[in-house]
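There are 2 protein chains.
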Amino acid sequence: MEREKSFNFAAGPSVLPVPVLERAQKELLNYHGSGMSVMEMSHRSGVYQEIFDDAKFRLKALMQVPDSHEILFLQGGGTLQFAMVPMNLMGPNGKADYAVTGNFSGIAAKEAEKYGSVHIAADTASGGHRTIPAQSELSLSPDAAYFYYCSNNTIYGTEWQYVPETRAVPLVCDISSDILSRPVDVSRYGLIFAGAQKNMAPAGLTVAIIDKSLAGRALPITPKVMDYGVMIEKDSMLNTPPCWCIYMLGLNLAWVQEQGGVAEMERRKKERAGALYEFLDNSKLFRAHADKSARSDMNVTFRTDSEVLDAEFVRGASARGLLNVKGHRLTGGMRASVYNAMPMEGVAALIDYMKEFEVMHR
Amino acid sequence: MEREKSFNFAAGPSVLPVPVLERAQKELLNYHGSGMSVMEMSHRSGVYQEIFDDAKFRLKALMQVPDSHEILFLQGGGTLQFAMVPMNLMGPNGKADYAVTGNFSGIAAKEAEKYGSVHIAADTASGGHRTIPAQSELSLSPDAAYFYYCSNNTIYGTEWQYVPETRAVPLVCDISSDILSRPVDVSRYGLIFAGAQKNMAPAGLTVAIIDKSLAGRALPITPKVMDYGVMIEKDSMLNTPPCWCIYMLGLNLAWVQEQGGVAEMERRKKERAGALYEFLDNSKLFRAHADKSARSDMNVTFRTDSEVLDAEFVRGASARGLLNVKGHRLTGGMRASVYNAMPMEGVAALIDYMKEFEVMHR
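As you go down the protein sequences, you meet chains A and B in turn.
If you count the first sequence from 1, position 153 lands on 153 in the working numbering, and the numbers rise without skipping.
If you count the second sequence from 1, position 167 lands on 167 in the working numbering, and the numbers rise without skipping.
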């Protein structure tokens, strides 16, 4: 399959901007005349430190991270954060509120039970995770160590359309699949984290942005490299960081800046998702999975009424270079993940195919 | 600096074979006609599963891993293993023996104290970590959950020349900086692990090889993604693995196989390190740091008697494209890390420079 004829709708790891990949390719053998690949550089070297600082600086600028917060480059994915969050923030005999609106917030709540008491502030499972609870539906504990939610549910294709109000209780948010897709008021959060492999960089890097006043209270059983306080002190370099992924993040952040920043990313995501939902709402064959009030602009989930047709659609899409539109096994059907790097022409090609498919099968 | 005129002696992340980097560069935009970069592939896709299986298969073949053992691809570096090992193997109210022969085994022992009792079976700190204890010098506990050591000390340039005999007590070894440099009888170990960034792949991947009979006994506070038993069951894919690093590992393993496998790697390392130590032993200006009985073939540490000359040597080396020969801050002096990917001509160029420098400064 030729690169220029395919579009990758995978939910993560997922599409990266072609100019970013081209630059990585060009620099791969010999980065800026250093005589080394970025993959071969000591993380303690000056040349690598510049790459690291550049990525961090660009992220701080793009997300307008206030000085009260620190950016960390970690490993282990969101799944390790599911343990790191309670280990660091729960406190001894602590409790925390969790809103369960999909697969990963459910896993996070279960993991947290190892380190303290978990109160389920909301659970949308009974409705197939098609909705997001309203503020008035959240069961909040005034004495919770933190309130945890996942802003975008990759599998079910729902997204929080507002930031929960939790008063003095710090907000913790898994923002893996919609980071950099819209402006975020970081100052409202105690902690946000994101696996990089959806909207930022290759898999193997986790970005965390933490209110520094929350660090330094990890449980005694916390591994040193999982202590946010230690990692703040060491500027993410207690040990060797995932150097290549941080380099790729920097290239991608430069691309986002060149394109116009997160405001432009937000305009484009609304254009991409808007076109898909408009088609779905007018289709007689396809229907969207998520409730209208809770639709994700990053992961558009949809289906026909027939599993046989769904499978045929996925096969046909792949043959046309519309890759990875099969839905997650938990939901079935189809899913088009339309992250920052997905061009509008990819969305247009998918809609064209949906139209043809609908004509053929009605 | 032109690539072909430089040699990178960094201790890790470190040099990779040029043909491996060239192949990665060639395939970067569009892997095998898939229309995707490896960095963009879903870890659940067929095309990526083949890459994953290929790397695992090659490692199993190269290291002759018996069926009793499982290969895991993890994240977090050796530093996370320092916690994972006791969390998984210590057991409730357990104790373990640690041989402290350098910086990282010392850190590992300290981390393990969070999860059980640590007995120091040996400590070479008083001699500046220039030696490795003999079997008879090890203080072994018959009831230890495991015996832990680090086979090669990157910072001090020492290496265990034998495998400790611990009878029924499982051996756990941090083999980060000499994995793939010599044949290893994996069946003798309960667990070996290695950060990939020294002799295998870019930073961000940790390889663990575990006797499956030791898994499944993790402490209740173990994060799910840090439970060897869970990761065995999920074939390292509980969550998204560091896909690109695993791909690079596969390319590097193919290169090792083409060159003649670990036996040939061992021949070459003896040739590289042998030439350096021979020069050092005959030098009137330079001297080796490690005791002759404990010298590492991977990290050759040396110095003059003058810190001023040491600094001048390092500057001059860099100007000639002999990169990163400065010693670690804990030892000072110089360090030439000569991993698998370092060609003999790099070693020859370094020795030529040392000769010239000696003539100039005696």
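Keep in mind that the hints are not guaranteed to be accurate.
Below, computed lysine to aspartate or glutamate pairings styled on EDC-like, alpha-carbon distance capped at 16 Å [what the hints assert, rightly or not]:
(1) A/K292 to A/E307
(2) A/K5 to A/D310
(3) B/K95 to B/D143
(4) A/K26 to B/D143
(5) B/K224 to A/E233
(6) A/K26 to A/D53
(7) B/K26 to A/E27
(8) A/K224 to B/D235
(9) A/K60 to A/D143
(10) B/K224 to B/D235
(11) A/K234 to A/D53
(12) B/K284 to B/D310
(13) B/K26 to A/D185
(14) A/K26 to B/E27
Okay, the calculated bits of chain A under chain B, using three or more residues with CB under 8 Å as the criterion [stated by the list, open to error]:
(15) 16 to 26
(16) 37 to 51
(17) 109 to 115
(18) 122 to 128
(19) 242 to 255
(20) 265 to 279
Where chain A lies over chain B, by a calculated footprint (3+ residues, C-beta under 8 Å) [stated by the list, open to error]:
(21) 3 to 10
(22) 19 to 29
(23) 137 to 150
(24) 177 to 186
(25) 301 to 308
Just so you know, these hints were derived from the structure itself, not from any lab.
Ideal Cβ placement from N, Cα and C applies to all residues, glycine included.
For each hint, the structure was consulted:
{"no.": "1", "hint": "A/K292 to A/E307", "in the structure": "violated (23 Å)"}
{"no.": "2", "hint": "A/K5 to A/D310", "in the structure": "violated (23 Å)"}
{"no.": "3", "hint": "B/K95 to B/D143", "in the structure": "holds (8 Å)"}
{"no.": "4", "hint": "A/K26 to B/D143", "in the structure": "violated (56 Å)"}
{"no.": "5", "hint": "B/K224 to A/E233", "in the structure": "violated (26 Å)"}
{"no.": "6", "hint": "A/K26 to A/D53", "in the structure": "violated (21 Å)"}
{"no.": "7", "hint": "B/K26 to A/E27", "in the structure": "holds (12 Å)"}
{"no.": "8", "hint": "A/K224 to B/D235", "in the structure": "violated (26 Å)"}
{"no.": "9", "hint": "A/K60 to A/D143", "in the structure": "violated (31 Å)"}
{"no.": "10", "hint": "B/K224 to B/D235", "in the structure": "holds (14 Å)"}
{"no.": "11", "hint": "A/K234 to A/D53", "in the structure": "holds (13 Å)"}
{"no.": "12", "hint": "B/K284 to B/D310", "in the structure": "holds (14 Å)"}
{"no.": "13", "hint": "B/K26 to A/D185", "in the structure": "violated (41 Å)"}
{"no.": "14", "hint": "A/K26 to B/E27", "in the structure": "holds (12 Å)"}
{"no.": "15", "hint": "16 to 26", "in the structure": "holds (count 6)"}
{"no.": "16", "hint": "37 to 51", "in the structure": "holds (count 7)"}
{"no.": "17", "hint": "109 to 115", "in the structure": "holds (count 3)"}
{"no.": "18", "hint": "122 to 128", "in the structure": "violated (count 0)"}
{"no.": "19", "hint": "242 to 255", "in the structure": "holds (count 5)"}
{"no.": "20", "hint": "265 to 279", "in the structure": "violated (count 0)"}
{"no.": "21", "hint": "3 to 10", "in the structure": "holds (count 5)"}
{"no.": "22", "hint": "19 to 29", "in the structure": "holds (count 6)"}
{"no.": "23", "hint": "137 to 150", "in the structure": "violated (count 0)"}
{"no.": "24", "hint": "177 to 186", "in the structure": "violated (count 0)"}
{"no.": "25", "hint": "301 to 308", "in the structure": "violated (count 0)"}
Checked against the numbered hints given earlier, the structure breaks hints 1, 2, 4, 5, 6, 8, 9, 13, 18, 20, 23, 24, 25 and satisfies all the rest.
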